[in-house]
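As you go down the protein sequences, you meet chains A and B in turn.
Under our numbering, the first residue of the first sequence carries the number 224, and numbering increases by one thereafter.
Under our numbering, the first residue of the second sequence carries the number 224, and numbering increases by one thereafter.
Since the hints were derived computationally from the structure, they do not count as laboratory data.
Given the structure is predicted, the values throughout are model-derived calculations rather than measurements.
One thing to keep in mind: the hints can contain errors.
Copies of the same chain look alike in the list, so a pair counts if it works inside one copy or between any two.
[Claimed, not checked] List of simulated lysine to any residue pairs, SDA-like, C-alpha gap at most 20 Å:
hint : residue 1 : residue 2
1    : K474      : S422
2    : K577      : S458
3    : K449      : D405
4    : K735      : R437
5    : K577      : N456
6    : K474      : E277
7    : K577      : S455
8    : K735      : D407
9    : K735      : H307
10   : K735      : D436
11   : K577      : K662
Number of protein chains: 2
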Amino acid sequence: MLKLLSLMVPLASAAVIHRRDANISAIASEWNSTSNSSSSLSLNRPAVHYSPEEGWMNDPNGLWYDAKEEDWHIYYQYYPDAPHWGLPLTWGHAVSKDLTVWDEQGVAFGPEFETAGAFSGSMVIDYNNTSGFFNSSTDPRQRVVAIWTLDYSGSETQQLSYSHDGGYTFTEYSDNPVLDIDSDAFRDPKVFWYQGEDSESEGNWVMTVAEADRFSVLIYSSPDLKNWTLESNFSREGYLGYNYECPGLVKVPYVKNTTYASAPGSNITSSGPLHPNSTVSFSNSSSIAWNASSVPLNITLSNSTLVDETSQLEEVGYAWVMIVSFNPGSILGGSGTEYFIGDFNGTHFEPLDKQTRFLDLGKDYYALQTFFNTPNEVDVLGIAWASNWQYANQVPTDPWRSSMSLVRNFTITEYNINSNTTALVLNSQPVLDFTSLRKNGTSYTLENLTLNSSSHEVLEFEDPTGVFEFSLEYSVNFTGIHNWVFTDLSLYFQGDKDSDEYLRLGYEANSKQFFLDRGHSNIPFVQENPFFTQRLSVSNPPSSNSSTFDVYGIVDRNIIELYFNNGTVTSTNTFFFSTGNNIGSIIVKSGVDDVYEIESLKVNQFYVD
Amino acid sequence: MLKLLSLMVPLASAAVIHRRDANISAIASEWNSTSNSSSSLSLNRPAVHYSPEEGWMNDPNGLWYDAKEEDWHIYYQYYPDAPHWGLPLTWGHAVSKDLTVWDEQGVAFGPEFETAGAFSGSMVIDYNNTSGFFNSSTDPRQRVVAIWTLDYSGSETQQLSYSHDGGYTFTEYSDNPVLDIDSDAFRDPKVFWYQGEDSESEGNWVMTVAEADRFSVLIYSSPDLKNWTLESNFSREGYLGYNYECPGLVKVPYVKNTTYASAPGSNITSSGPLHPNSTVSFSNSSSIAWNASSVPLNITLSNSTLVDETSQLEEVGYAWVMIVSFNPGSILGGSGTEYFIGDFNGTHFEPLDKQTRFLDLGKDYYALQTFFNTPNEVDVLGIAWASNWQYANQVPTDPWRSSMSLVRNFTITEYNINSNTTALVLNSQPVLDFTSLRKNGTSYTLENLTLNSSSHEVLEFEDPTGVFEFSLEYSVNFTGIHNWVFTDLSLYFQGDKDSDEYLRLGYEANSKQFFLDRGHSNIPFVQENPFFTQRLSVSNPPSSNSSTFDVYGIVDRNIIELYFNNGTVTSTNTFFFSTGNNIGSIIVKSGVDDVYEIESLKVNQFYVD
């Protein structure tokens with residue numbers, strides 16, 4: 224279904240906007256605006272981003288795939304009793320068949336003491352029963368062991384718990400802790416199985432864990448998950464912030480010059496593993512692959528010359544990536560995530576270069592963790608917590624607080640960091656059951672439209688659900704633009720019930736940057752909380768030549784994920800509109816004449832229950 | 224003079240603030256709000272931050288000190304014909320006796336062609352006439368040579384110009400360029416004299432220059448400024464952004480466990496050089512030193528154990544610092560500055576560690592350059608451009624655009640990056656003639672005041688000049704605070720003529736971070752430009768123990784420079800109020816009871832002509 228309206232809008236001259244709320248008495252009202260009366264809350268709980276029905280959630284934990292039941296399991300830092308962080312902190316649990324719809328399971332396990340926290344950690348499948356926790360009554364594919372941090376009485380230690388019922392209930396190991404270094408900042412173990420390059424290698428478990436306020440990722444090895452040997456540390460690299468948290472080390476396929484025919488929304492259930500050093504091509508045939516026929520995005524990565532460091536990756540077909548979250552201290556404010564591309568020999572991680580790379584340039588992307596045991600062996604799937612510690616406890620939602628990011632599929636690619644240089648980057652592709660989501664939805668398209676300042680275009684959604692994807696490709700005529708004129712292409716994502724509330728998303732041609740303004744809301748939190756950065760931006764390099772740009776986005780009630788340049792740059796940000804005010808239209812506008820051509824703007828509004 | 228008012232303010236309950244401007248017709252007005260009608264401009268030109276009277280300014284260039292005349296010279300990227308960047312781009316010039324009051328000199332030199340730019344560069348004093356440009360008629364202390372980039376017709380090359388009249392007029396070298404590598408992105412040479420560690424060394428000139436879009440700082444040497452040899456490159460380190468620009472390499476004194484009796488505002492005219500490997504102690508006796516008796520800030524750096532890497536610095540008493548600006552691509556948006564602490568052997572720079580450090584966490588601090596030939600040899604004095612390329616051409620000022628930062632004096636210190644770890648940092652101290660500025664000003668003080676939510680304090684300025692310094696020390700009682708309550712100490716810097724306009728500055732106890740909100744203004748640019756980040760924040764670690772914090776700030780009409788923890792963390796940001804609306808009062812308030820004690824808030828309003 225195509226709906227295309229063209230309305231004339233009266234163009235008012237530039238006016239000083241008086242904010243009558245900003246005098247002393249209004250300032251006084253700000254001082255008192257921390258209450259959570261329901262009128263000041265946004266109840267627009269996301270549909271395809273996981274959130275618990277009630278209570279507080281932070282970091283994703285223990286992500287694993289059950290190959291027997293074909294279920295995806297996620298756990299998370301969970302305080303079920305109130306929508307704010309509190310003790311005892313437990314592990315919540317949810318299960319999905321398609322990484323899209325999640326079935327909440329409640330508390331999986333918690334700490335023994337009321338004033339303790341079962342802090343973040345990971346899960347592994349102990350197929351070969353190295354731990355001795357299992358016997359033949361547990362299918363090898365379901366021999367789940369959780370490795371987590373007990374925070375109690377000024378001490379942080381690493382603990383084990385195991386499950387005999389496929390991850391629904393857990394027993395705590397009687398000889399816990401398995402790691403205690405007499406520290407109050409030693410947390411977030413992520414464990415994986417390292418088989419070794421040598422075919423005769425027996426393999427062993429490897430743990431990365433943060434000595435948080437020393438900015439150290441400690442790397443341990445173990446034969447049995449119980450006895451751990453410190454092998455090395457990766458310390459004080461990149462941007463430090465105030466603390467390192469939630470480290471992770473993962474082998475990521477290197478993809479060169481690949482046409483992502485199916486991107487974004489890659490196939491994560493193709494049969495059989497892709498060979499790591501082959502060129503990855505995603506199948507379109509899977510039930511949850513991107514449906515290329517509805518929103519085709521045929522974007523080819525550049526053929527530019529590889530920089531020296533990539534020759535190593537070309538040969539082996541993968542790199543190791545060290546993920547580190549830091550909090551607070553981001554120059555964007557609060558918490559952030561960085562990563563390092565390098566090599567791992569079983570005991571030591573060595574970065575390939577000295578570049579500091581941030582993963583996701585938005586404000587709400589923290590504590591990324593990857594799944595253990597993806598069915599397609601080379602797929603690296605991960606979830607981050609879509610919030611920021613600066614304001615996470617105070618975001619205006621009720622009775623839950625915080626959601627996860629979408630699942631993303633990560634690859635290492637090279638991209639044009641500018642017109643003369645390529646750089647390696649961790650590429651992100653969102654993973655959802657797009658076929659099903661689009662099936663009963665509605666679609667809208669704009670094509671081949673040159674924008675001018677005297678008119679605008681409106682895509683108006685039928686029965687707004689607040690959940691949709693969009694794909695924008697545009698070209699820019701840089702000739703004759705003036706640096707003193709704000710030269711924008713703007714998309715206004717406007718509330719259906721209250722048009723005062725909108726997201727403004729756009730590009731400015733002088734600065735060659737993309738912007739997002741999430742400040743246009745009637746919710747007091749948005750108006751007043753000084754940590755809720757309203758205006759965000761990213762540099763958006765062209766995807767293939769110098770004048771064509773693209774952005775893909777998924778909007779889900781109160782969160783927007785943006786994927787620039789086919790996923791080489793991302794920005795994930797929450798936003799808060801009044802209860803029930805779903806985005807109902809997209810207004811496409813430019814303040815200048817004949818600078819922008821919309822090559823295509825395609826929108827699929829998802830049908831959700 | 225002490226003024227202390229305590230007013231009761233009616234506390235309204237939290238209310239939804241309706242923004243009536245946000246419907247479609249108001250959106251339309253945004254599209255057209257790029258005009259510069261005088262009613263939408265802020266004419267609040269700063270008083271002690273340099274700006275040209277008319278026209279466009281960007282990077283500081285060619286900073287040097289004339290020891291004969293005892294004058295400080297600055298040059299800058301200057302387009303005098305309009306308040307926006309344009310060609311031909313020239314070098315503007317200004318002179319000061321005290322780094323506080325600047326005497327504008329107009330254009331020093333420009334390119335030969337109308338469509339060319341005399342892009343950024345530096346100046347040196349060629350005491351020994353290595354260049355051959357001088358004879359005995361020019362005092363050795365005034366043998367000024369400018370090294371700059373000619374940008375013309377898709378090429379960037381390094382050029383020389385020299386002055387026989389102490390830096391007022393220049394002659395271009397007839398055999399220009401002196402460096403041409405067939406590049407369109409080869410710019411911003413910064414040259415210094417390297418004497419070498421060996422007493423028999425003859426010394427030579429060293430240039431750092433950016434191969435911008437290769438993320439390379441090229442390091443050249445020369446005996447005569449004309450013939451340059453490529454020695455090494457410093458490439459792809461730290462955060463890349465989109466381009467490297469304005470590199471600089473400078474030897475910075477290492478200061479350990481020093482009480483800055485005179486900080487901030489350090490002495491830059493003490494007689495005789497301080498020995499580089501002695502402990503630096505700043506004199507209080509100088510005419511332009513910080514006057515400790517009026518606003519004493521006796522802050523002692525911690526005695527915590529040095530990390531390993533500092534032992535090298537302890538021994539030699541200094542480190543080399545590589546300054547790199549990058550644009551765009553900062554996660555805060557647009558342009559930013561980073562630096563690397565390391566060693567330089569005359570040909571190669573090697574960082575001491577792999578940490579990425581940003582210099583100034585605000586939005587408006589770019590293209591930092593240091594002075595050649597400071598009278599006190601160990602002083603490292605520098606100036607940055609106080610704007611951001613995202614919006615610099617569109618900020619609402621007229622008929623000038625952009626100002627410089629204050630001069631800062633830099634040292635390497637260690638600081639408590641968190642409660643368990645120290646890190647090396649480039650410490651900043653603002654340099655101004657504080658004695659003179661305070662002399663005819665007015666002073667205001669608050670002391671030993673526990674804040675509660677039912678009242679507030681007001682410091683009201685007599686005859687607001689818009690230019691003042693403030694020093695805040697506060698302690699926080701973390702016991703019993705709630706993570707779901709925004710637990711703030713807020714300072715509202717309110718306009719005298721229009722109280723709708725204010726800066727909100729404060730600290731939040733749950734996140735342990737400091738915030739600045741510059742969004743409360745009636746100026747359309749502030750309301751509408753999506754790149755003008757309104758809300759900024761920094762992590763503010765305690766200065767000495769776990770519950771006492773400090774911030775020092777200088778406000779100058781439309782710019783605020785914040786120095787946290789005695790200068791270890793800074794944030795520089797412009798702001799824009801309506802014409803003539805100077806800050807006239809500071810309202811001190813907390814939304815919670817008995818969490819904050821103001822140990823002291825001291826304010827000196829400066830008298831300016």
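Taking the hints in turn, this is what the structure says about them:
1. With identical chains, the CA atoms of K474 and S422 are at most 20 Å apart within one copy only, with a shortest distance of 18 Å there and 52 Å across copies.
2. Taking the shortest Cα distances, K577 and S458 sit within 20 Å of each other both inside one copy (13 Å) and across copies (9 Å).
3. Proximity of K449 to D405 under the C-alpha cut-off of 20 Å is restricted to the intra-copy arrangement: shortest distance 18 Å within a copy versus 61 Å between copies.
4. When the C-alpha separation of K735 and R437 is checked against a cutoff of 20 Å, the pair qualifies only between copies, where the shortest distance is 19 Å, while the shortest distance within a copy is 38 Å.
5. For a Cα distance limit of 20 Å, the shortest separation of K577 from N456 qualifies both inside one copy, at 17 Å, and across copies, at 14 Å.
6. For the homomeric pair K474 and E277, neither the shortest alpha-carbon distance inside one copy (35 Å) nor that between copies (56 Å) is at most 20 Å.
7. Proximity of K577 and S455 under a CA criterion of 20 Å is satisfied in both settings, with 19 Å inside one chain copy and 17 Å between copies.
8. For the identical chains of this complex, K735 and D407 are inter-copy neighbours only, at 19 Å across copies versus 45 Å inside a copy, given an alpha-carbon limit of 20 Å.
9. Taking the closest pair of Cα atoms, K735 and H307 come within 20 Å of each other only across two copies (17 Å); inside a single copy the shortest separation is 39 Å, beyond that limit.
10. In this assembly of identical chains, the alpha carbons of K735 and D436 lie at most 20 Å apart only when taken from different copies (15 Å versus 38 Å within one copy).
11. Taking identical chains as interchangeable, the C-alpha atoms of K577 and K662 are never at most 20 Å apart, the minima being 46 Å within one chain and 50 Å between chains.
Violated hints, listed in ascending order, are 6, 11; each of the other numbered hints is respected by the structure.
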